[in-house]
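If you read the sequences in order, they're chains A and L.
With the numbering used here applied, the first sequence corresponds to residues -13 to 756, in that order.
With the numbering used here applied, the second sequence corresponds to residues 4 to 167, in that order.
Some hints could be false.
In silico lysine to any residue, SDA-like type, Cα no more than 25 Å apart, as pairs [to be verified]: (1) K631(A) <-> L126(L); (2) K156(L) <-> P743(A); (3) K130(L) <-> K327(A); (4) K161(L) <-> D45(L); (5) K5(L) <-> A107(A); (6) K7(L) <-> A107(A); (7) K7(L) <-> K380(A); (8) K133(A) <-> E118(A); (9) K(-5)(A) <-> K156(L); (10) K631(A) <-> V565(A); (11) K497(A) <-> G81(L); (12) K(-10)(A) <-> G81(L); (13) K380(A) <-> K(-5)(A); (14) K5(L) <-> A109(A); (15) K148(L) <-> K497(A); (16) K5(L) <-> V699(A); (17) K148(L) <-> E(-2)(A).
For each label pair, taking beta carbons as the anchor points, the in silico distance ranges come out as [as the list claims (entries may be wrong)]: (18) R622(A) <-> A166(L): 54 to 64 Å; (19) G400(A) <-> A19(L): 36 to 46 Å; (20) A166(L) <-> A435(A): 35 to 45 Å.
In short, the hints are calculated from the structure, not lab data.
By construction, the Cβ of each residue, glycine as well, lies at the ideal position given by its N, Cα and C atoms.
Here are the chains, one letter per residue:
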Amino acid sequence: MLGKAVPRKEDERLITGRGLYVEDVQLPGMLYASFVRSPYARAEILRVKKEAALAVPGVVGVYDGSEWPELKARLPELNGSVTLTSPYIDHIKLPDHLLFPKRASYVGEQVAVVIAETPYAAADGAAAVEVEYEPLPAVARWEEAMKPGSPRVHEGFDNVVAHLKHKVGDADAAFAQAEIVLDFRLETQSLKSMAIECRAVAAQFDAATHSLNIWSTGQFPFMMRNTIAGVLGLPNDQVRVIARDVGGGFGLKGVLYAEDVIIPVLAYHLRCPIRWAETRNEHMISANHSGNQAHDVRIAAKRDGTLLGLELKLYKEVGAYDHFDMMLQINTINHLTTHYKVPALRIEGWAVSTNTPPGSPYRGAGRVEAVFTMDRVLDAIARETSLDPLEVRKRNIVTPADMPYRNGQIYRDGVPVEFDGIDFPLLLKKAVERADYDGWRKRQKELRAQGRAIGIGIGSYIEAGGLGPCEGSRVKIDEQGRISVFVGVNSQGQSHETTLAQVAAHTLGAKFEDVSVFGGDTRLMDFGFGTGASRVAVNAGNAVMKAAGEVRNKVVRYAAQVLNCAENEIVINDSVVSVAGATQNFIKLGDLAARSIRDRRMIELGGPGFHATEFFYPRTVVWGSGVNIAVVEVDRRTGAVEILKYVIVHDCGLPLNPLVVDGQISGGFAQGLGIALGEHAVFDEDAQVLSGSLMDYYVPRIGDVPEIDVEHVVFPTKDNPLGIKSVGESAPNAPGAALSAAIEDALERKIRITRLPVTRSTILSALRAA
Amino acid sequence: MKNKVSITVNGVERSAEVEPRMLLVHFLREELHLTGTHVGCDTTQCGACTVRMNEQAVKSCTVFAVQADGANVTTVEGLAGGDGLHPIQEAFREHHGLQCGFCTPGMMMAASQLLDRYPEPTLEQIKHQLDGNICRCTGYHNIIKAVQSAAEKIKARKQAQGAR
C-alpha cells in the first residue's frame, strides 16, 4: 500500500460538488460581513460615519473597533512557524498590529466592517460608510524606506524592523586570494500565492455550550483557535476551528489575519452566525504579499571556475507588519549554497517595512531567491571564465565523498545543516542525460546559424522540509473494523486523506478502504503546528506510523490471547488477524475490537478498544534536492519564450504515493514558471496596487505550461521511520534560475538577467538596449 | 424591486423572486444551496463558476439570474445526471486531475462542453477550450490526461450503448 499510486479518497466529494469550503457554510439566521478598507497607504482615520450605512435596508450594524474591548485586540506578534531558535538575528522590533488600527498603514487595511442580512446588503452598507481620513506621507519602496529621511511606516518604529548577520569561513581571505571578483544586484519580485479560493471565515456562537464554531481557510487552525480563545477569554476547548476543505493555500493563508479574529468576535457578541468571504479584488489589494527581495552579491573565484567565497547583502521587504520575523531571509540563507561548495560566506540582512500589505511566505518561501542567486553566481563565473555553465557546476559540486557534508549553516530550528546520503553529481548527470545537454549544445550552434535563438539553463535546488516541533496522530479501530486516523493538521489540497491512510493501512495490515483520515478540526486533537514548510508528510506521516504501530502492538497482544498463540505468530493482513500457518484460526479486526470492549484483559492494554495517540518529533529538517534543465527558444521580435524541453530530476526520499508526488512536482513547476516569466505583485509610488485583478496579475493558463520530463531518484533518509523527505516546496524553486539562464544563453549573453520575472517586455527592452 | 425567475436547474424547475442584480452563481449557491459551483475571482477570469446554460458553458459570475429565466442550467451537482459519476468525474479522480478541488467543478463543466464539441479532442483543442479556467494546484498536466481519458470513456460508453 505504501508507495502505491492509489486514487485519492478526498476526490469523491470534491468532484461531485459536495465539498464544504468556508463560503459553502450556510446556517439559519446567518449574517454577512463586508469590510470598509483604507484607500490610502498611510492615513489617520479621523472619523467613521455609520449613519448612511445603517440606513441601508438589511444592514444590521457597522463596527469600527470602538464597540467591544475584544475588537481592540492585537494580532499575535509572530506567526506559528518562526525562527526563534535561529542564531542569525541580532535585532528585531515590531509594532503592534491592531484589529482596527487608528492609522491605516497600507491600502486595503480594514477600517470598519458592515454586518447585514445578505452579502449584497453588506456590500451596499460598506459602500455607504463615510470615513474621514487625513492622508500621511507613505513609503512604497524598501529602497526609499531605508533612507534616513524616509517617512516612517509606523510612528516610533524604525523602518528596518529586523537585522541579521552570519558568516562561514574566512571571507576576507577568499577575496584576497581571488583571481576574479564580480559583483551585482539580483532582484526577485513580490508574489501572491493566488489560490483560486480567496480567504474566508465563518463563525457561529453556540449558546448551549457557550462556545464558538469557526470555519476557516487558514493553514494554522490551532494558532487561530488559541488566539481567538485568548481574545474572548474562553477556554481553548470552547473555540472550535474547522478548516477541512480549503481551496489552496501556498503560504498566504498561513497567517492569522484581522478578519479571522473580527468575525468570530462579532459572532460571539451578536449571537448570530456570520460569514465573510474575501472578493478577489480585496485579495489582490489587501491580502499579504511575499515582498520584494534584493541581493547584493560579491563573488570571489579562481580562473579555473572554483568559487572561493561569497558576500551577500540581503534586503527583504516585509510590508506594513512582519509576522514572520526573518524566516524568509533565513530560509534563503539556509538554502543559498544548494549543491555547491562555498568555503567562505559573509551575509548581512535587513527586514524593511513599507506601506504595503504585510509580508507572508509563498510556496518556496525564500528558496526561489536562493536558487536564483546561486545559479546566477555560477553562470556569472561561466561567463567570466568562458567555461560551459555545466563545467562550472561540476567543478564546485559537493560529492558523495564529501558526505556527511556541513556547509556551515545553522538551520532555523537551531540545528547545523548537514547533508548525508545525497548524490548531487548523480542528480546533475541524470538531468544532463535526460535533457540531452550535449546534443542541444550542438543543435544550438546549428540552429543559431539559421538565426534561431536557442538557450540552455541549469537550476539546482535543495529543499528542507519536515520542520518540527512535532505532530501527533490518534488512530483507532471501531467495532465495524473501520479505522479512524486523526491528525492535528489540515489540507489545502495536499492529499493527506489518502497518503496518511496509506501509512495507517500499511502499518496496521488493514485494508486501505477501511481507513478514514480526519484533520482540519481542532476538536480532533489537542495540538497541531500547521500546514506549511513542507512539514506534514514527515511530521504527521511518521506520527500516524507510530500511532498505528502502537495500535498494532495492542492488537497483536490481545489477539494472541484470543487466538491462543504466541504474539510473534500473529499475522495481520487485509484487516484480518490470523495465526501464521493456520488456515482456520482468524478473526476480523473489527470483531476483535468489538470483543475487546468488555474484556477485562484490556486493563493491561490501555482500556477498551484499540486506540493510541503518538507524536513524532523530527531531529531536524530533511533535505530533498533536484536539478532542472531548461531548453528554450526566444522569439527576438516578440520576446516570447518557448520551452522546448524541461527536465526535472529530483529526490524526495521514498514516495508515499507517486501520483501525489507527481502532482506536487507538476503543480509546483507551474508556479515556478509563473515566477520566472510573469507573476508580480506591483505597487506604484503611492503604494497603490497595480496588479489588482487576474487580468493584471499573471497566473499560468493551461496553454502556458509545457510538458515536463520528470525523473524520480530516491535517496532514502534514516532521519525518520518512513524514510521520507518533503516535496511540496521543491518544484517552484528552480524554474526562475533555469529559465533565466536559458533565456540569457539563447540571446548569446547579449543581455544579463538579474531580476525576476523575465517578462516579454523585459526581454525586448534588454535586446533594444543591447 | 424583485423579479420572478424560473430556471430549470439540473432537470428541476426552480422559481424564486430575485433582485435584478443577483448573479446566477449567487442564485445557485445562496438560493438553491448548490454550493458546488464556486466563486474564484468575480471578474470572469478564473472559470471556477462555470456552468452549462442551455448547453453553453458560461461563467455564472457574469450572468444575472434574470438572464437565465427560462433557461436550462446544469451544475456540477447535475453533471452525472443521476447516481454514479460522469466519465469526466471518473477521469479527474483516476488521473489526479485535482488537488484542492476548488477550480474542479468549473473545470469539469468546461470540459463537458469541450467534449460535446470535440469528442476526440486534440491537445491544442483542449488547451484552447480550457484557457478560461485557472488551476493553481495541478500544473494542468493531469487535467489534460483526465480530459483525454474522459473522451475515451465517453466513446466506450456510447459504443456499449449502441451495441445493446
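To see whether the hints hold, each was checked on the structure:
The suggested pairing of K631(A) with L126(L) holds, with an alpha-carbon distance near 17 Å, which does not exceed 25 Å. Between K156(L) and P743(A), the direct Cα distance comes to roughly 41 Å. Violation of the 25 Å bound is thereby established for this hinted pair. Taking the CA atoms of K130(L) and K327(A), the gap is near 43 Å; set against the 25 Å cutoff, the hint is violated. The suggested pairing of K161(L) with D45(L) is violated, with an alpha-carbon distance near 37 Å, which exceeds 25 Å.
For the hint linking K5(L) to A107(A), the alpha-carbon distance of about 14 Å falls within 25 Å, and the restraint holds. Restraint check: the Cα-Cα separation between K7(L) and A107(A) comes to about 19 Å, which is no more than 25 Å; the hinted pair holds. Using a Cα cut-off of 25 Å, the hinted pair K7(L) and K380(A) is violated, with the two alpha carbons roughly 72 Å apart. About 30 Å separates the Cα atoms of K133(A) and E118(A), which puts this hinted pair outside 25 Å; it is violated.
Taking the CA atoms of K(-5)(A) and K156(L), the gap is near 21 Å; set against the 25 Å cutoff, the hint holds. Distance hint between K631(A) and V565(A) is unfulfilled; the C-alpha atoms sit about 55 Å from each other, more than 25 Å. Distance restraint check for K497(A) and G81(L): the Cα-Cα separation of roughly 32 Å exceeds the 25 Å cut-off, and the hinted pair is therefore not satisfied. Taken as a hint, the K(-10)(A) and G81(L) pair is broken in the structure, with Cα atoms around 32 Å apart against an allowance of 25 Å.
Restraint check: the Cα-Cα separation between K380(A) and K(-5)(A) comes to about 44 Å, which exceeds 25 Å; the hinted pair is violated. Under the criterion of a C-alpha separation no larger than 25 Å, the hint pairing K5(L) with A109(A) is consistent with the structure, at around 18 Å. Among the hinted pairs, K148(L) with K497(A) is inconsistent with the structure: their alpha-carbon atoms are about 28 Å apart, more than 25 Å. Restraint check for K5(L) and V699(A): not satisfied, since their Cα atoms lie roughly 62 Å apart, outside the 25 Å limit.
Restraint check for K148(L) and E(-2)(A): the C-alpha separation of about 18 Å stays at or below 25 Å, so the hint holds. The given range of 54 to 64 Å is respected by R622(A) and A166(L), whose C-beta atoms sit roughly 56 Å from each other. Between G400(A) and A19(L) the beta carbons are some 60 Å apart, a value that contradicts the proposed interval 36 to 46 Å. Take A166(L) and A435(A): their Cβ atoms lie about 58 Å apart, and the range 35 to 45 Å is violated.
Against the hints set out earlier in the document, violations occur for numbers 2, 3, 4, 7, 8, 10, 11, 12, 13, 15, 16, 19, 20.
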